[in-house]
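Chemist: Residues per chain, in single letters:
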Amino acid sequence: MIEVSNLTKQFGSKTAVRNISFSVNEGEILGFLGPNGAGKSTTMNMLTGYISSTSGTAKINGIDILDDPIAAKKNIGYLPEKPPVYGDMTVKEYLNFVYKLKKSKLPRESHLAEICELVKITDVKNRLIRNLSKGYQQRVGFAQALVGNPGVLILDEPTVGLDPKQIIEIRTLIKRLGKHHTVILSSHILPEVQAVCDRIVVISSGSIVANDTTDALARNLSSDHKLVVRAEGNPDDIKKLLSGIQGMDRVHINREAEPGVYEFFLEAKQGTDIRRDVSKKLSSRNYPILLMKSNELTLEEIFLKLTTGDNYGGLEKYEKALDSKEKEDRK
Amino acid sequence: MFAIMKRELLSYFTSPLGYVFIAVFYLFSGIFLFLFTLTSQSVDMSYVYTGMFFVMLIMIPILTMRLMAEENKQKTDQLLLTSPVSLPRLVMGKFLSAFVILLICMLIFLVYGIVLSCFAAVNWAVIFGNIVGMLLLGALCVSAGIFVSTLTENQMIAAVGSIGLNIAFILVDSFASVMPTKFLQDVFYSLSFFSRYNEFTIGIFSLSNIFFFASVAFIFLFLTVRVLEKRRWS
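Taken in sequence, the protein lines are chains S and B.
Each residue of the first sequence is one higher than the one before, counting from 108 in the numbering used here.
Each residue of the second sequence is one higher than the one before, counting from 19 in the numbering used here.
Hints listed in this document are in silico derivations from the structure and should not be mistaken for laboratory results.
Do not take every clue at face value.
[As the list claims (entries may be wrong)] Heads up, simulated DSSO-like pairs for lysine-lysine below, C-alpha to C-alpha not over 27 Å straight-line:
(1) K91(B) x K199(S)
(2) K181(S) x K93(B)
(3) K24(B) x K93(B)
(4) K210(S) x K248(B)
(5) K286(S) x K181(S)
(6) K24(B) x K181(S)
(7) K24(B) x K232(S)
(8) K93(B) x K207(S)
(9) K181(S) x K91(B)
(10) K93(B) x K210(S)
(11) K207(S) x K91(B)
(12) K24(B) x K199(S)
(13) K91(B) x K189(S)
(14) K212(S) x K199(S)
(15) K248(B) x K121(S)
(16) K91(B) x K241(S)
(17) K121(S) x K189(S)
(18) K248(B) x K181(S)
(19) K347(S) x K388(S)
(20) K248(B) x K189(S)
(21) K400(S) x K387(S)
(22) K232(S) x K91(B)
(23) K24(B) x K210(S)
(24) K181(S) x K282(S)
[Unchecked claim] According to the in silico footprint, chain B covers these stretches of chain S (three or more CB under 8 Å from chain B):
(25) 153-164
(26) 179-186
(27) 192-206
Don't be surprised by glycine CBs; every beta carbon is placed ideally from N, CA and C.
Working from the sequences, and respecting the hints, build out all of it.
Modeler: If you want it as structure tokens, here you go:
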């Protein structure tokens, strides 16, 4: 459905997207993951024909977006980063406008009513868009992408600005749409991509650093062997105790989380589950465990991991930086 | 194309802009009619049309300033440019919306004609000829305005820029008189908007003038399409 090969975009001397290739099959949801400025939006703008590529091709349903833009664009529903809504129109007028703009052949009334139901904007359809909240505007933008029932949906950060309940609704909706549509979804929130997508492409400063199924990526980056533990007691003693556990690689005292309670980063050899041992050891010496959780990788860490091969340190560095900032603020 | 035209018209009339523009246009034409025609007790409206030349050059940029600049600013151009609509059609839709407003403005001259015809014989051919002339000048200003509006995302810059451009159109005559060679003078005089427009007001309906205004309008619309295209490629 979507085929991208060697796509490159340069703005002057700056290369925003460097030689990326991937493809998305019909009925697949692809997550496009990357930090701000990684080139997500640029790539999406190229896929939808909003800007051209410097080199390389993007094909939608086998049609090159630059060779026959009109035919290719007929198959695309696009929700840009900022929903392209007109504040001076009502939701109904706006969707009618988009319907005509896309030259849709579907029965107008029922088609638009169905879309309004899907994204839950039926109750605001007679209101001016500029009077709607950001979340509603986002949903109107989403509705716009669905008009004409295009085979390919390209959604640039579709859940930005929504409240948690709406986020879940939109995610469910995207999942449902993914059964019959080809969806590309960009985000900088890892759990979101994990929750919705079949496959993830990770992009960092313009290049693809990973392209794999969600499960495989999660497995590779799995962090069961890394724990964050908070325990009450003498930190050095606890450290010594924990270091004695079989398979333990590294114990690091992070900080005093509460008076007398210390936070530790534990790292065991890959594939070893040390949770039981940690619990037993500490309770044997009467050190209560106040918190134990697996050290889930943040997006920043995944990036460090994928781009520099650094296996640990990301979170610690980040938290240390935060700590020192906090201390400075207190001063 | 018509979807875009309809949307722009809707937008003109949901904001006060459309109403105010038409009202001010009617006001000026009324003032000119009173000053130049009624007080001299004639049915000759040629000075009214001459007055409208300047009114249109100054006012039409207000009508067109929003057309593309606001799309650029609100990023709604992403919707238009990723829709299955070709760029010429997009630009044409924008053009037609402002042109329809001008058509509504022109209706007032029919009213004046009817009023005057109650008192004396009116030459309708001249009135219609002048309406065509004003529409051609208007089409030119609208295209030039859309072109400038495409270059910026700030409405004020678009307005000031296209008013400046229109004043440059008026100044073509003055430049012609200071040109050193006869040839250059002829070139500038043949580009003179005012003398070409003036021929309409005194009742000369010349094809070369129609062709001139229509082709300059076309050039600006063409340039607008090129600017949009260039932005995609840069």
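Chemist: All hints are to be evaluated individually against the structure, with a verdict given for each.
Modeler: Verification of the supplied hints:
no. : hint              : result
1   : K91(B) x K199(S)  : holds (23 Å)
2   : K181(S) x K93(B)  : holds (20 Å)
3   : K24(B) x K93(B)   : holds (19 Å)
4   : K210(S) x K248(B) : holds (25 Å)
5   : K286(S) x K181(S) : holds (20 Å)
6   : K24(B) x K181(S)  : holds (21 Å)
7   : K24(B) x K232(S)  : holds (19 Å)
8   : K93(B) x K207(S)  : holds (19 Å)
9   : K181(S) x K91(B)  : holds (25 Å)
10  : K93(B) x K210(S)  : holds (21 Å)
11  : K207(S) x K91(B)  : holds (23 Å)
12  : K24(B) x K199(S)  : holds (14 Å)
13  : K91(B) x K189(S)  : holds (11 Å)
14  : K212(S) x K199(S) : holds (18 Å)
15  : K248(B) x K121(S) : holds (18 Å)
16  : K91(B) x K241(S)  : holds (17 Å)
17  : K121(S) x K189(S) : holds (23 Å)
18  : K248(B) x K181(S) : holds (22 Å)
19  : K347(S) x K388(S) : holds (11 Å)
20  : K248(B) x K189(S) : holds (22 Å)
21  : K400(S) x K387(S) : holds (16 Å)
22  : K232(S) x K91(B)  : holds (24 Å)
23  : K24(B) x K210(S)  : holds (14 Å)
24  : K181(S) x K282(S) : holds (22 Å)
25  : 153-164           : holds (count 5)
26  : 179-186           : holds (count 4)
27  : 192-206           : holds (count 8)
Going down the numbered hints, you'll see the structure goes against none, and every one checks out.
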